[in-house]
Amino acid sequence: MFYRFAFLAALFALPAFAQDYPARPSQPISDLADLLPEDAEARLSAQITSLREETGVELLLLTLDSRTPYAAAPTMEAFATNLFNHWGIGDADRNDGILIYVARSDREMRIELGSGFGSDWNHFARDVIDSNFLPYFRDDRYAEGIERGTNAAIRDIARPFAQGAPAPEPDADNSWIIFALFAASTLLLKFRQKLGDLGTSLKPCPNCGNRGLRRSRNILSKASRTAEGRGDRVTRCRKCDYRDVTPYTIRRLSSRSSSSGGGRSSGGGASGRW
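When the letters of the sequence shown are read in order and numbered with mature numbering (1 follows the signal peptide of the UniProt record, and there is no 0), they come out as residues -18 to -1, 1 to 256.
No lab work stands behind these hints, which were simulated from the structure alone. Do not rely on the hints blindly, as some may be mistaken.
[Unchecked claim] Quick list of simulated restraints, FRET-style, between CB atoms:
1) ARG199 with PRO7: 35 to 45 Å
2) ARG25 with PRO117: 11 to 21 Å
3) SER48 with ARG199: 23 to 33 Å
4) SER101 with GLN9: 26 to 36 Å
5) GLU59 with SER27: 50 to 60 Å
6) THR231 with THR57: 16 to 26 Å
[Claimed, not checked] DMTMM-like cross-link-like pairs, simulated, lysine to aspartate or glutamate; straight-line CA separation at most 25 Å:
7) LYS185 with ASP223
8) LYS185 with ASP214
9) LYS185 with ASP226
Note that beta-carbon positions come from the ideal geometry of N, C-alpha and C, so glycine has one too.
Given these sequences and hints, build the entire structure.
See below:
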């Protein structure tokens, strides 16, 4: 009787020893399943950090062997959503955070999107998983799949969304449209600069009088969130030795890139199993 009581007491006490959720990492990658070699983790961490600094979008990558030791959830999708909200990934106003979750022994993964993305981006998250993560996971090439898939999520989801590109149409293979819109939005930022350079080429050289001046820019120091950058605008003549250098400033990075914490997900994203 005593042993039976002890067994039942231990059985009911098991949930008390379960951890609610993995601790929120201080770095963008928490590789608890030890799937990434150091060099791959360093490369990915640099890519994720650049995304955050340049766009303000926070992306976190978590690998587990299994979610079983953690908070109970009826599905992997519910676990990922609850974890996302527990960690508060992304900006609280924009809700643009992204969680990439991989569980090796459970053979499941998910890209969980902040509620700011809306349901239209779910299809694209599914495409990133099917095309980049799962083909490698099925061959137990986890490091390659995680690196390739995370870079695809940054390129195809995070950066276009931050630039204001619309989500792709469901049931249509039109990812090239997203890339085109992303490229166009970037080019528009430089449009005025290019017009100024074109106007310079039509002006006569102050030294020899011929047309065909050429203008280039040399960045001396990059801008940051706390300081402006500096550069030189260099004008040269192709017909003589005329050269003019004019200093210019580069505006500080937007403060949006420094905001963090409190982001929420409504369960958007996509899942994969292998």
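Structure versus earlier hints, numbers of those that do not hold, lowest first: Going through the list in order, the structure violates hints 3, 5, 6 and respects the others.
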